[in-house]
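J.: Residues per chain, in single letters:
There are 2 protein chains.
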Amino acid sequence: MKPSHIEHIGIAVKNLDEQIEYYQKVLGLTCYNVEEVADQKVKTAFFMVGETKIELLESTDPEGPIGKYIEKKGVGIHHIAFAVDKAQDFLDNADKNGVQLIDKTPRKGAEGLNIAFLHPKSTHGVLTEICENPNK
Amino acid sequence: MKPSHIEHIGIAVKNLDEQIEYYQKVLGLTCYNVEEVADQKVKTAFFMVGETKIELLESTDPEGPIGKYIEKKGVGIHHIAFAVDKAQDFLDNADKNGVQLIDKTPRKGAEGLNIAFLHPKSTHGVLTEICENPNK
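Going down the list, the sequences are from chains A and B.
Going left to right, the first sequence walks through residues 348 to 483 as my numbering numbers them.
Going left to right, the second sequence walks through residues 348 to 483 as my numbering numbers them.
Note that these hints are calculated values from the structure, not bench results.
A couple of the hints might just be wrong.
Identical copies go unnamed one by one, so any copy, or any two together, can satisfy a pair.
What the hints assert, rightly or not - Taking lysine-lysine and the BS3-like style, the derived pairs with C-alpha atoms no more than 25 angstroms apart in a straight line are:
no., residue 1, residue 2
1, Lys451, Lys372
2, Lys361, Lys443
3, Lys451, Lys388
4, Lys468, Lys419
Throw the hints in and build the complete structure from the sequences for me.
T.: As structure tokens, this is what we get:
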């Protein structure tokens with residue numbers, strides 16, 4: 348049940364193009380994919396750092412989750428995603444330990460992963476995602 | 348100059364012992380070290396996830412950086428640290444690209460690493476640390 352690695356770190360940004368430039372010029376990373384996730388109302392840009400992705404998230408709708416987050420808290424680190432082998436087992440254990448789940452069963456996320464979110468109220472302020480790679 | 352991996356993710360917490368229990372029980376991670384960093388006025392707990400550490404930070408002084416952060420923003424993800432080979436080269440390049448540096452030269456951080464922080468005003472809300480392992 349232990350996560351194998353940090354799958355990605357999600358960062359809420361206002362302007363994807365400006366941020367891509369910053370991550371490339373200052374951090375020396377390469378953007379390898381830009382993808383729109385319609386049901387999350389975001390446009391995302393991905394960078395690889397070792398085994399972890401940096402996922403920049405620009406809202407496509409002020410009423411979407413990232414739009415609301417920026418309105419309330421400003422831009423910055425939004426969530427951490429842990430890579431797990433069996434997402435459902437992880438969720439069942441979290442539930443048993445009193446964690447409030449945003450997703451009781453995994454759903455499809457960016458890059459074809461099965462994902463689920465734990466509620467930040469139960470995770471001490473850290474919005475936590477788990478990701479299972481169905482092609483692994 | 349490209350970072351090799353995410354060295355750690357720093358998370359500001361109120362109660363280290365409670366949080367250690369959460370990370371062990373719910374996330375299945377193992378705390379391998381608890382360390383006080385006097386000049387940062389924090390007590391830290393470390394967990395390994397793949398090649399990345401989760402570093403929980405409890406303030407030992409309300410006037411310290413983590414105490415002030417929690418007062419202003421609440422608990423949650425505080426910073427990301429990138430592992431780099433040559434911290435000074437990284438800082439020089441960031442400076443050249445107009446990034447405001449908290450540390451113009453690396454200083455000693457937790458676990459004997461040479462560390463430096465970029466100012467979140469220049470990094471679009473993401474407090475960014477770089478770490479160089481002098482024993483590598």
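J.: Between copies, within a copy, both or neither: which fits Lys361 and Lys443 at Cα up to 25 angstroms?
T.: Classified as between; 24 angstroms across copies, 37 angstroms inside a copy.
J.: When Cα atoms must be at most 25 angstroms apart, do Lys468 and Lys419 count as within-copy, between-copy, both, or neither?
T.: Both, since 16 angstroms and 18 angstroms are each at most 25 angstroms.
J.: Can you give me the call for Lys451 and Lys372, within, between, both or neither, at a CA distance of at most 25 angstroms?
T.: Between copies, since 18 angstroms is at most 25 angstroms while 40 angstroms is not.
J.: What label fits Lys451 with Lys388 when the C-alpha limit is 25 angstroms: within, between, both, or neither?
T.: Only inside one copy: Lys451 and Lys388 sit 21 angstroms apart there, 39 angstroms across copies, limit 25 angstroms.
Consistency with the previously given hints is maintained throughout, with no hint failing.
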